[in-house]
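Since the structure of chain A is already known, use the hints to place chains B and C on it.
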Amino acid sequence: MSTDDRNGAPGYILSRLEDWARESSIWPVTFGLACCAIEMMATSASRFDMARFGSEVFRASPRQSDLMIVAGRVSQKMAPVLREVYDQMPEPKWVIAMGDCASCSGVFNNYALIQGVDKIVPVDVYVPGCPPTPEALLDSLIKLKQRVAANSRNVRHGAQTSVGVGIAHNGTNDAAHTA
Amino acid sequence: MTVSDTLLEAFGADAIATPADLIPTIQVPLGSIEAAVARVQKEFGYTRFVDLTAVDLLSREERFELVYLFYSLDSNAWIRLKTRTDQQAPSITPSVPGANWYEREVFDLFGIEFVGHPGLTRIMLPDDWQGYPLRRTEPLGSEPVDFTVTRKVYGTG
Amino acid sequence: MAQAEKSAERGTGELLTVNMGPQHPSTHGVLRLELVLDGEVVVHCRPVIGYLHTGIEKTFEAKSYIQGVVLTDRMDYLNPLGNNLAYALSIEKLIGCEIPERATVLRVLLAELTRVASHLMFVGSMALDLGASSPFLYCWREREHILDFFETISGVRMMTSFIRPGGLVRDVQPEVLSAVSAFLETMPGHIDEYEELLTANPIFRERTEGVGILSADDALALGVTGPTLRGSGVALDLRKANPYCGYEGYDFGVPTGTHGDCYDRYLVRVAEMRESVAICRQALDRMPVGSVRTSDRKVMPPPREELAKSMEAVIHHFKLWTEGICPPAGEAYVGVESPRGELGFYVVSDGSGRPVRVHERAPSFANLQSLPKITEGGAVADVVACIASLDPIMGEVDR
Chain A
1 MSTDDRNGAP
11 GYILSRLEDW
21 ARESSIWPVT
31 FGLACCAIEM
41 MATSASRFDM
51 ARFGSEVFRA
61 SPRQSDLMIV
71 AGRVSQKMAP
81 VLREVYDQMP
91 EPKWVIAMGD
101 CASCSGVFNN
111 YALIQGVDKI
121 VPVDVYVPGC
131 PPTPEALLDS
141 LIKLKQRVAA
151 NSRNVRHGAQ
161 TSVGVGIAHN
171 GTNDAAHTA
Chain B
1001 MTVSDTLLEA
1011 FGADAIATPA
1021 DLIPTIQVPL
1031 GSIEAAVARV
1041 QKEFGYTRFV
1051 DLTAVDLLSR
1061 EERFELVYLF
1071 YSLDSNAWIR
1081 LKTRTDQQAP
1091 SITPSVPGAN
1101 WYEREVFDLF
1111 GIEFVGHPGL
1121 TRIMLPDDWQ
1131 GYPLRRTEPL
1141 GSEPVDFTVT
1151 RKVYGTG
Chain C
2001 MAQAEKSAER
2011 GTGELLTVNM
2021 GPQHPSTHGV
2031 LRLELVLDGE
2041 VVVHCRPVIG
2051 YLHTGIEKTF
2061 EAKSYIQGVV
2071 LTDRMDYLNP
2081 LGNNLAYALS
2091 IEKLIGCEIP
2101 ERATVLRVLL
2111 AELTRVASHL
2121 MFVGSMALDL
2131 GASSPFLYCW
2141 REREHILDFF
2151 ETISGVRMMT
2161 SFIRPGGLVR
2171 DVQPEVLSAV
2181 SAFLETMPGH
2191 IDEYEELLTA
2201 NPIFRERTEG
2211 VGILSADDAL
2221 ALGVTGPTLR
2231 GSGVALDLRK
2241 ANPYCGYEGY
2251 DFGVPTGTHG
2261 DCYDRYLVRV
2271 AEMRESVAIC
2281 RQALDRMPVG
2291 SVRTSDRKVM
2301 PPPREELAKS
2311 MEAVIHHFKL
2321 WTEGICPPAG
2331 EAYVGVESPR
2341 GELGFYVVSD
2351 GSGRPVRVHE
2361 RAPSFANLQS
2371 LPKITEGGAV
2381 ADVVACIASL
2391 DPIMGEVDR
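Protein chains in written order, with this note's numbering: chain A, 1 to 179; chain B, 1001 to 1157; chain C, 2001 to 2399.
Looking at chain A on its own, in the form it has when it is part of the complex:
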């Protein structure tokens, strides 16, 4: 299927409706790994309340979610699991690399961790912090919603990683290839 413009999308108004629907109800999959998971829980608790931005529930099953917030450090043992969970998510899907460890392995530049989760999955938004405050995570969610609202069908993953390391995703469900 061609990935330029809105091929297959049923007209302008309905595609705008589709974008609005996808952007307003981004449901994350529970992927809390370490300390950032605690701040992710804080973001979904009542003070910061991620539900008012559309992330009403965290789905346990990747097949029922749109967003993977990689909250925490990804070890060598966990990397294949992360990729498998990512692969099980249906399109369109997005990834937020929450925290320094997911973005670039943070304080732990050593043998045990994947040096940045963008080595194995394409990332849409990176959130700096160790751990990022809930406000920072909400900010990243809002930035993601802006990208999704613009064009949810063909959002190009990995566009932000094209400066350095990372994988660019071509918008289909084929295996990701390097940029």
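Quick caveat, the hints were computed from the structure, so don't treat them as lab data. The beta carbon of each residue, even a glycine, is placed where N, CA and C say it ideally should be. One or more hints might be untrue.
[Said to hold, decoys possible] Just some of the chain C residues that point at chain B, by a computed CB distance under 8 Å:
#, residue
1, L2094
2, E2098
3, Y2333
4, V2334
Here is chains B and C on its own, set in the frame of chain A:
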């Protein structure tokens, strides 16, 4: 705290040291570590197993030092047993169930084989990992970070 | 046990291996369980850990002792100040330096506030795992207050790295202490609120009473410590048995359970929250004035105002930030009571600025070894209650 006379009598004054944390530390040869653990637990009452770890001393012979930590509920005190080994050590898991995962961890990260352990497999690292990272001869495994100021040294990342 | 017999009678005998985790909403982190089931009965439970192995102990060897404080926050990430304290105590034992009275009392206050925050998280997530979503939100409301205090004091909500070898990073202002005091006044009422929701709740009791029983002998043989051990009836609390930071001068009780089931472990932690609030109040009452840093310039840097006046201060500052603290050669281990049990850092030094070995005795590592014992023979639906009641933190299990 003073080292009790019974301990001095049992192990000999040369074997017992008292480091900065005042925990009596007994050095035993590798062959007698099981017996020493049994004595310390049953005879001297240090029943609670606390910790087992290894230190890589980088010496030519008997490179690793195994450190066992026990605690006595009656006297509220710790005791430390140490032994030196190159590659193997007898497993204390049959008599101390709490040492199971500790011995697997030392095997995984240092490569010391515990003879008699019910299931000595890797615990922290993936099963197909090559090498024993916590040995001090192994590198940290860090990656050069792509800073603009270091591009002359590391290239453009 | 009765269920195992029933299914043996039925003659099913067919075992099913189910994988639980590492990505799972109720495994408290990246814990993987291989469950072998006969119908609903767990015949065999094999925990697989290592999905969060971060190589922290190896990283310690490449950093100076002050840089190492940052790593300690991230091991038991629900008890960051407690980890900092255990690490600082081990290094101070090695060096043999004196800590001022105000720093010691503030350390007790911060450690106990962290204990309350950790137990709040435990109550909230245990309730959430068993299906009750409201206590989670109520507990987090109080936890946010405590994190606000940490943010006011240190600038960071969670990974403060505030307790360092030699004292604290900076002093705590009196306004903050009076705000903490006001918060502590409200805490017993809030704990009553959680108890009202859970302790007498028939569904909660049905799911936790008689479930996951761990006998005292098994617990001691497996090296279990902390509220899990106290839930089984052994009254061992390192704050009473081997006091540090002046705990012998505080008046508090050590709650214990009788049956060793999940309900007892929950009750012990809720009671511990009340005791911690009492300790915090006593710490605030006796707060002395003075410095919060040791005067030993080889351990703690001089105040910044002195750098403009004294060359010696500049040299001390320079040496601390390049070479770091150089403790004398030797080893030290100080066991402290973390919200999960006995926590200690075994630090081996060779006299240089980098440690030879830093090993963390993590309480959850030993506690999690008891998981097969408490889940085998029970129903698979009780596995979640058992994991929740052990309160494991995978960051310190895998390090």
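Each hint tested on the structure:
1. L2094: The hint holds - C:L2094 has a Cβ within 8 Å of chain B, the shortest such distance being about 5 Å.
2. E2098: Nearest chain B Cβ about 14 Å off; hint violated.
3. Y2333: holds, 5 Å
4. V2334: holds, 6 Å
Checked against the numbered hints above, the structure breaks only hint 2 and satisfies the rest.
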